[in-house]
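Engineer: Just so you know, the UniProt record's numbering puts the end of the sequence shown at 497, numbered straight through with nothing missing.
Take these hints with a grain of salt, some might be off.
[Said to hold, decoys possible] As a list, the in silico DSSO-like pairs of lysine-lysine whose alpha-carbon atoms are at most 27 Å apart:
| id | residue 1 | residue 2 |
| --- | --- | --- |
| 1 | K438 | K407 |
| 2 | K358 | K377 |
| 3 | K214 | K194 |
| 4 | K118 | K108 |
| 5 | K135 | K62 |
| 6 | K135 | K70 |
| 7 | K358 | K445 |
| 8 | K214 | K240 |
| 9 | K76 | K62 |
| 10 | K118 | K76 |
| 11 | K409 | K358 |
| 12 | K377 | K407 |
| 13 | K377 | K282 |
| 14 | K194 | K42 |
| 15 | K447 | K282 |
| 16 | K364 | K383 |
| 17 | K240 | K194 |
| 18 | K236 | K358 |
| 19 | K447 | K377 |
| 20 | K194 | K282 |
| 21 | K409 | K364 |
| 22 | K135 | K121 |
| 23 | K407 | K358 |
| 24 | K445 | K407 |
| 25 | K160 | K42 |
| 26 | K160 | K214 |
| 27 | K70 | K42 |
| 28 | K409 | K447 |
[Said to hold, decoys possible] Each pair of labels, with its calculated beta carbon distance range:
| id | residue 1 | residue 2 | range |
| --- | --- | --- | --- |
| 29 | K135 | R226 | 56 to 66 Å |
| 30 | Y55 | S93 | 54 to 64 Å |
| 31 | S181 | M61 | 15 to 25 Å |
| 32 | N141 | D111 | 20 to 30 Å |
| 33 | A464 | L22 | 55 to 65 Å |
| 34 | G209 | G428 | 31 to 41 Å |
| 35 | E50 | G351 | 56 to 66 Å |
| 36 | P451 | E264 | 17 to 27 Å |
| 37 | N39 | G209 | 34 to 44 Å |
| 38 | D417 | V57 | 56 to 66 Å |
If you're looking for bench data, these hints aren't it; they were derived computationally from the structure.
Built from N, CA and C at the ideal position, the CB exists for glycine as well.
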Amino acid sequence: MDSQKEALQRIVTTLANKNEELHSFIETLRHLLKGLQVNSTKVLADLDEEFDSIYSVLDEMKESMTNTIKQEQARKTQELQNQLTQSANALESSEELIEFANAALDIKDADDFTKAAKQIKDRVTMAPAFRLSVKPKASDNMTHLMVDFSQERQMLQSLKFLPVPRAPEIDVSDCLVADNSVTVVWRMPEEDSKIDHYILEYRKTNHEGVPRVKDERCWEVEDNIRSTEFSLTGLKFDSKYMNFRVRACNKAAAGDYSDPVTLETRAFNFSLDSTSSHLNLKVEDCCVEWDPAGGKGQESKVKGKENKGRSGTPSPKRTSVTSRPPAVRGSRDRFTGESYTVLGDTVVECGQHYWETKAQKDCKSYSVGVAYRNLGKFDQLGKTNTSWCIHVNNWLQASFAAKHNNKAKTLEVAVPDRIGVYIDFEGGQLSFYNAENKQLLHTFKTKFMQPVVPAFMVWCGGLALSTGIQVPSAVRSFQKSENGLGGSGSSLNNGAQ
């Protein structure tokens, strides 16, 4: 009995599900019927508009051609009327002269006859009948103003509805990824003069190979593209790859998408590790700011000496540093004392990478470089053999120097607004650039014995990072040129241990 009830219950559940499915299908059909009516009405209206525009053009052409024929008729009529009037006047004058000549023939007196004959001769010489052209200045032919629309008629008769455009084809070998820009190039499988524009869609992904139908990121759209290539610029490459697809559109419809392609967009991405930062630094993702109140209200010692505290902005030699509860900031990598340092959260253990740093205008002192993870809690960037940096000091006496192993080399160049950092781990090279014009500021040559992390020091001010940047083409070219020439030595170079 129970088994029969269970079987019947399953049948009822199946019927209920099917019933709900049919309700949904009926609603879908009704929606499609309604949409079909709306869309067909719109298409008919668009068709009427297209034909009205053709009629309008033909009416304009007819009016223009009709005016041309009327103007030509008026011109020729005027010419012929003038000639007709002149010829009539000449004929009348000629008839008067003939009548006068006939009368002269009857003169008997020789002197009178001679005098009359002379007058006739003079009048004949000046007679308009002898001076008029007897060739018409205009013809009665107007057929040269006729038009032949037979070719246009055939074209109109061959008009068909616009087909759905075919899917374009993206050629990966023609696409270019460089300087955080991507240029996508495609072609149509066959020539189609009816294409009005293209739509390009792209999305970032960490999946290699054939793009997935569903991904964690949505497609972004670039519309109204008029050529068969398009460049996306100013991108942040915070994913390993990007998917691309494109579709062609005419005035009637959009075609299918091309087969999507995947282009590699690797770049070095990292954030600041707040657990490693000095207590007087406020860290948020890719920004770090000096926070003089970071350790206020808690007991601390600086290098074993009690800090007495001062009002206003403390000097870098007398800043208060207090340990915070381990649950909040606990970490063996936390810096203290005068090491106002924070590290990146991602190590560099191979490859070539690049990132940029921009300081606030009122920043009094900061350093940008790399270090080993085992940098001591009291160690300052550039004062150990495990850290390399360039240091900017705008406090009391301005200076700009490259530092390593407690040695400094003054840089005789202006401090740029943005500093670019390039590292070639296997090549043992760390270079600093003016990020705006890619001018080389300084190069360290060494042999990295351990993975390194980006490292930053800041006092009274702040720094902002830009990551997800490819090694710029200008930097790559410069490095190849320098390495080809043997590179420029540095007084601070050594084999770091």
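Engineer: Any hints from earlier that this structure breaks? Give me their numbers in increasing order, please.
Structural biologist: Result: hints 3, 5, 10, 15, 17, 20, 26, 27, 31, 32 break, sorted rising.
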